[in-house]
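J.: Kindly generate the complete structure, drawing on both the sequences and the hints.
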Amino acid sequence: MTRFLVKRLFSAVLTLFAVSVLTFLMFFALPRDPVTGMCPKNCNPERLERVRDELGLNDPLITQYAGYMKGIVTGRDLGSAQGGHCDAPCLGWSYVTNEAVSDTIARVLPVTLSIVIPAAVLWLLLGVGLGMVSALRRGTWLDRLAIGFSLTGASLQLYFVGAVLLLVFVYNLRLLPVPSYTSILDNPVKWASGLVLAWVSLAFLFSAIYARLSRAQMLETLSEDFVRTARAKGLAKPKVYGRHALRAAITPVVTIAGLDVGGALGGTVITETTFGIQGLGRTAVDAVRAGDLPTIMATVLIAAVFVVLANVLVDLLYAAIDPRVRLR
Amino acid sequence: MSLSPVEGVALAEIESGGPEVPERKDVVGRSPGRLAWIRLRRDRTAMVSGGMLLFFMLLALAAPLIEMLYGIGPKEQFQSLLDGFGMPLGYSGGVSGDHWFGLEPGLGRDIFIRLIYGLRTSLFIAFAAAVITATLGVVLGTLAGYLGGWLDAVINWITDLTLAMPFLVIALALTPTLVLRFYGEREAVSPAFGVAVLIGVFAIFGWTSTARLVRGQVIALREREFVEAARASGAGLGHMVFRQLLPNIWAPILVSFSLAVPQFITSEAALSFIGVGLSDETPSFGRMIYRSLDYLQTDPAYVFFPGITIFALVFAFNLFGDALRDALDPKSSR
Numbered sequence: 001m002t003r004f005l006v007k008r009l010f011s012a013v014l015t016l017f018a019v020s021v022l023t024f025l026m027f028f029a030l031p032r033d034p035v036t037g038m039c040p041k042n043c044n045p046e047r048l049e050r051v052r053d054e055l056g057l058n059d060p061l062i063t064q065y066a067g068y069m070k071g072i073v074t075g076r077d078l079g080s081a082q083g084g085h086c087d088a089p090c091l092g093w094s095y096v097t098n099e100a101v102s103d104t105i106a107r108v109l110p111v112t113l114s115i116v117i118p119a120a121v122l123w124l125l126l127g128v129g130l131g132m133v134s135a136l137r138r139g140t141w142l143d144r145l146a147i148g149f150s151l152t153g154a155s156l157q158l159y160f161v162g163a164v165l166l167l168v169f170v171y172n173l174r175l176l177p178v179p180s181y182t183s184i185l186d187n188p189v190k191w192a193s194g195l196v197l198a199w200v201s202l203a204f205l206f207s208a209i210y211a212r213l214s215r216a217q218m219l220e221t222l223s224e225d226f227v228r229t230a231r232a233k234g235l236a237k238p239k240v241y242g243r244h245a246l247r248a249a250i251t252p253v254v255t256i257a258g259l260d261v262g263g264a265l266g267g268t269v270i271t272e273t274t275f276g277i278q279g280l281g282r283t284a285v286d287a288v289r290a291g292d293l294p295t296i297m298a299t300v301l302i303a304a305v306f307v308v309l310a311n312v313l314v315d316l317l318y319a320a321i322d323p324r325v326r327l328r
Numbered sequence: 001m002s003l004s005p006v007e008g009v010a011l012a013e014i015e016s017g018g019p020e021v022p023e024r025k026d027v028v029g030r031s032p033g034r035l036a037w038i039r040l041r042r043d044r045t046a047m048v049s050g051g052m053l054l055f056f057m058l059l060a061l062a063a064p065l066i067e068m069l070y071g072i073g074p075k076e077q078f079q080s081l082l083d084g085f086g087m088p089l090g091y092s093g094g095v096s097g098d099h100w101f102g103l104e105p106g107l108g109r110d111i112f113i114r115l116i117y118g119l120r121t122s123l124f125i126a127f128a129a130a131v132i133t134a135t136l137g138v139v140l141g142t143l144a145g146y147l148g149g150w151l152d153a154v155i156n157w158i159t160d161l162t163l164a165m166p167f168l169v170i171a172l173a174l175t176p177t178l179v180l181r182f183y184g185e186r187e188a189v190s191p192a193f194g195v196a197v198l199i200g201v202f203a204i205f206g207w208t209s210t211a212r213l214v215r216g217q218v219i220a221l222r223e224r225e226f227v228e229a230a231r232a233s234g235a236g237l238g239h240m241v242f243r244q245l246l247p248n249i250w251a252p253i254l255v256s257f258s259l260a261v262p263q264f265i266t267s268e269a270a271l272s273f274i275g276v277g278l279s280d281e282t283p284s285f286g287r288m289i290y291r292s293l294d295y296l297q298t299d300p301a302y303v304f305f306p307g308i309t310i311f312a313l314v315f316a317f318n319l320f321g322d323a324l325r326d327a328l329d330p331k332s333s334r
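Taken in order, these protein sequences are the chains called A and B.
One point on numbering: in the UniProt record's numbering, the residue at position 298 of the first sequence is 298, and numbering is uninterrupted.
One point on numbering: in the UniProt record's numbering, the residue at position 247 of the second sequence is 247, and numbering is uninterrupted.
These are calculated hints, taken from the structure and not from any lab test.
The structure presented is a predicted model; accordingly, all values stated were derived computationally and were not measured.
There may be inaccurate statements among the hints.
[Said to hold, decoys possible] DEER-style ranges, computed between Cβ atoms:
no.: 1; chain 1: B; residue 1: Y70; chain 2: A; residue 2: I321; range: 56 to 62 Å
no.: 2; chain 1: B; residue 1: I219; chain 2: A; residue 2: L316; range: 21 to 27 Å
no.: 3; chain 1: A; residue 1: R137; chain 2: B; residue 2: R34; range: 34 to 40 Å
no.: 4; chain 1: B; residue 1: F124; chain 2: A; residue 2: G139; range: 36 to 42 Å
no.: 5; chain 1: A; residue 1: W141; chain 2: B; residue 2: K75; range: 47 to 53 Å
no.: 6; chain 1: B; residue 1: K75; chain 2: A; residue 2: L142; range: 47 to 53 Å
no.: 7; chain 1: B; residue 1: I219; chain 2: A; residue 2: D286; range: 54 to 60 Å
no.: 8; chain 1: B; residue 1: R34; chain 2: A; residue 2: I117; range: 47 to 53 Å
no.: 9; chain 1: B; residue 1: A196; chain 2: A; residue 2: N98; range: 35 to 41 Å
no.: 10; chain 1: B; residue 1: I219; chain 2: A; residue 2: I117; range: 32 to 38 Å
[What the hints assert, rightly or not] Covered by chain A, according to a simulated footprint, are these stretches of chain B (three or more residues, beta-carbon under 8 Å):
no.: 11; segment: 162-173
no.: 12; segment: 262-271
[To be verified] Only some residues are given here: those of chain A computed to face chain B with a beta carbon under 7 Å:
no.: 13; residue: G153
no.: 14; residue: A154
no.: 15; residue: A163
no.: 16; residue: L165
no.: 17; residue: T273
We put the beta carbon where it would ideally sit given N, CA and C, even for glycine.
T.: Put into structure tokens, the structure is as follows:
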């Protein structure tokens, strides 16, 4: 088990390293002059040169990369125009927003977390539940309803569903306020009512996929010998389905769920755009529009960290659910 | 879609239940492909969704012809039919005999013809991307699965790496940089270039699932006797791949291809929605829906036409892909 964990963590670190190098090369080494985006209005050649110097853009690429990585681990000193010393998880300074990138991230990350975590709980419960029920009640109207739901949901687009929900609940019925983010610590009710549409539309689309997947898995598991054996030796139905079959059927669902949640934490760009909520995804989009390289770099890195962490977590969960994995 | 006489007979035999025709019991040898085709023909969902897809493709192909018959181009503006605030006059977004789906608020372009051209853009990008990613995936998956060893490890790692990159953000960041590389700050970007960039972005990120699938299948096949026999008789890499391995896994590849197309349609719309790649001039579903969000309160009809069209398109593709899977692999259960 320890060996498995160490190996897994090592490969995760390697992947993160490669992602950071690639993103760094992509954004900092591409022919577009990074400085033009960072100096929004009154740009004269001297100012440009000063910015370039402060950013260390005249240094060789390796030095730049090392400086950036060092900043993340131990913090580093940036020029006075960049707010002087930059503390430990230092992601650089944005000339567009005039603040440290880590401050921006600290502000928008809770927004994305607030969107994704409740939505993920909703879609997993709904999706897996629906899939299980329709597998156990195969061929009934309930099953057909669930299949219809999952086929429809899998073909719908988030922005369309979001737009329709907005139209109905916010503009026509006026049941909900215009979506916005309030911290859960300030006002939980406002937090929920401002984000509920985002949760529902995300959960609707994702649970469709999960219902489909878990139904197929459950059907396959139910035809396995061990399920029949468990029933034959007189174990009660809820125990067979809930304990034995569910555990075997849920492993592939765990994989996909881990990847989806990890991906979504990296920024729900479409959801945030549809509902006009400023989270990580929207910040990335704005940064790209403004050519704000340090912010782009930071958002890409954070998204990659989430995906890689989710991958590791999935592997661990896998090992916990399915003992055979540990032996390998 | 015509049946050969042999198939017609076979189908009639199956449908009539068989017992009436005892004299004509000669065994018809059928290839797996033909069997799958027969199953597909008998699947009502497959036929309906396949018909819908054909209809959509015809619409897309015949777009210039439709433009001629309809008499309105995708770039024509009808400002005179808008009121002082740029809202189309009349009911549900200006739907009328001349403008079947109404007009866009603001610019006053005809929605129907823009949808037809949007269909063309969307299908072209999706098919091109699906072909490229399928090819890449098959090549990399086969190499990784068949040759194994360090090559397998490297390809696997690249797959993990590609999956770890946040697709939307990178696509978003890469596209303007690429455009700037080929065009200057001020030059007009040709629509074809935007399309090419999108296809390129899809090619970079889209091959992973096919590669994984093919790799798994090839690894399973690698140990089979017939493969071993071929190898023992001294078959080269080309023969092994094209004559021994690929013919045995074309079915899952075809299914994954048919399910990849709607995914690319969705991704293209999503990217256009956040404003990457296609310029506003190129008609595209995602772009239309993005624009329509601003008019959600004043002109709700505007969001529904593109929204429902893209739903119907993706729905038909998904249904057809599922039916195809059932036809190719009767054991699988959805």
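J.: Taking the hints in turn, state whether each one holds.
T.: Status of the hints after comparison with the structure:
1. In this structure, Y70/B and I321/A meet the distance hint of 56 to 62 Å, their C-beta atoms being roughly 57 Å apart.
2. In this structure the supplied range 21 to 27 Å holds for I219/B paired with L316/A, their Cβ-Cβ distance being about 24 Å.
3. For R137/A and R34/B, the Cβ-Cβ distance of about 36 Å falls inside the hinted range of 34 to 40 Å, so the restraint holds.
4. Evaluation of the 36 to 42 Å hint for F124/B and G139/A yields a pass: the beta carbon distance comes to about 41 Å.
5. Restraint check, W141/A to K75/B: a C-beta distance of roughly 49 Å satisfies the suggested window 47 to 53 Å.
6. Our hint of 47 to 53 Å for K75/B and L142/A holds, since their Cβ atoms are close to 50 Å apart.
7. Take I219/B and D286/A: their Cβ atoms lie about 44 Å apart, and the range 54 to 60 Å is violated.
8. Taking the beta carbon of each, R34/B and I117/A are about 51 Å apart, inside 47 to 53 Å as hinted.
9. Checked against the hint of 35 to 41 Å, the C-beta distance between A196/B and N98/A comes to roughly 37 Å, which is consistent with it.
10. Look at I219/B against I117/A: about 37 Å separates their beta carbons, and that is inside 32 to 38 Å.
11. For a cut-off of 8 Å, the count of residues in the segment 162-173 of chain B with a CB near a CB of chain A stands at 9, and the three-residue condition holds.
12. Remark: the segment 262-271 of chain B is confirmed as covered by chain A, as 4 of its residues place a Cβ nearer than 8 Å to a Cβ of that chain, reaching the required three.
13. Hint status for G153/A: violated, given a least beta-carbon distance of 10 Å to chain B, over 7 Å.
14. Among the interface hints, the one on A154/A holds; its C-beta lies about 6 Å from the nearest C-beta in chain B, closer than the 7 Å criterion.
15. With its C-beta approaching chain B no nearer than about 5 Å, A163/A sits inside the 7 Å limit, and its interface hint holds.
16. Because the beta carbon of L165/A sits about 11 Å from the nearest beta carbon in chain B, more than 7 Å, this interface hint is broken.
17. Interface restraint check for T273/A: the shortest CB-CB distance to chain B comes to about 6 Å, inside 7 Å, so the restraint holds.
In this structure, the hints that do not hold are numbers 7, 13, 16, in rising order.
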